[in-house]
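Which chain is which? The protein sequence lines are A and B, in order.
This note's numbering runs 983 ahead of the 1-based position in the first sequence.
This note's numbering runs 132 ahead of the 1-based position in the second sequence.
It is worth saying that the hints were derived from the structure and are not from the lab.
Be aware that a few hints might be false.
What the hints assert, rightly or not - Here chain A is said to cover these stretches of chain B; the calculated rule only asks that three of the stretch's residues, wherever they fall, bring their Cβ under 8 Å from a Cβ of chain A: (1) 168-181; (2) 220-232; (3) 237-244.
Claimed, not checked - With beta-carbon atoms standing in for the labels, derived distance ranges: (4) Leu-1030(A) x Lys-203(B): 24 to 30 Å; (5) Leu-171(B) x Lys-1038(A): 32 to 38 Å; (6) Val-246(B) x Thr-986(A): 32 to 38 Å; (7) Arg-141(B) x Ala-999(A): 33 to 39 Å.
In this text, a Cβ means the ideal position worked out from N, Cα and C, and glycines have one as well.
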Amino acid sequence: AQTVTQSQPEMSVQEAETVTLSCTYDTSESDYYLFWYKQPPSRQMILVIRQEAYKQQNATENRFSVNFQKAAKSFSLKISDSQLGDAAMYFCAPNFGNEKLTFGTGTRLTIIP
Amino acid sequence: DTGVSQNPRHKITKRGQNVTFRCDPISEHNRLYWYRQTLGQGPEFLTYFQNEAQLEKSRLLSDRFSAERPKGSFSTLEIQRTEQGDSAMYLCASSLYGGVTEAFFGQGTRLTVV
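Bound conformation, chain A alone:
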């Protein structure tokens, strides 16, 4: 079975500081894609960052970066210089070589002013 685990139900960080959200998964596939999505309160889910499993280089998007460890099946998200607008639920959502996303249970991130 393909599973996704987000072991931190809630995290908080001071504004302007750095926070890392963890995600581990299990799959027998070798070629897949990994995504982090953000779901702000009462708003739709939006893509934060995307990583191809065949790429060794970690993806970065402005203040967002990932630490992808394929052998360990780990895909953590680092948010630098946290801003109030980063407050949201964050979901790790791999695509294990098929059409659908498999979501973790999410991490609720609170930004402390």
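Position chain B against the provided structure of chain A, taking the given hints into account.
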């Protein structure tokens, strides 16, 4: 067209009634997905379409659930004989090239069965 649109945003229904939700994807996207999200959980896949063809259905999608995408444009999700366990947020998403690319989500339809 600024994104994926879902209607209604909220639906309250009595147990045993039928409900139908609509999703309008981004116009050039040929993939359309339905997910269900219950409180405190991540979304769970229900079904997806490539154009008008329904190519995969989750085991979560019981016989009371049916989805259509006529002409490969908008999609409807119908739940017959609703049960309290159907209460959830129903999310629609669309994408251009399938699972390897970004999925764009709608704001969801929140269903409450009383």
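Verification of the hints:
1. Interface restraint, the segment 168-181 of chain B with chain A: holds (7 residues with C-beta to C-beta distance below 8 Å; minimum three).
2. Here the segment 220-232 of chain B counts 5 residues with a CB under 8 Å from a CB of chain A, which clears the bar of 3, and the coverage holds.
3. Using a Cβ-Cβ cut-off of 8 Å, 4 residues of the segment 237-244 of chain B lie near chain A, which meets the minimum of three, so the contact claim holds.
4. Roughly 27 Å separates the CB atoms of Leu-1030(A) and Lys-203(B), a value that falls within the hinted 24 to 30 Å.
5. The hinted range of 32 to 38 Å is satisfied by Leu-171(B) and Lys-1038(A), whose Cβ atoms lie roughly 35 Å apart.
6. For Val-246(B) paired with Thr-986(A), a C-beta distance near 33 Å keeps the hint of 32 to 38 Å intact.
7. Arg-141(B) and Ala-999(A) have their C-beta atoms about 35 Å apart, which keeps the hinted 33 to 39 Å range intact.
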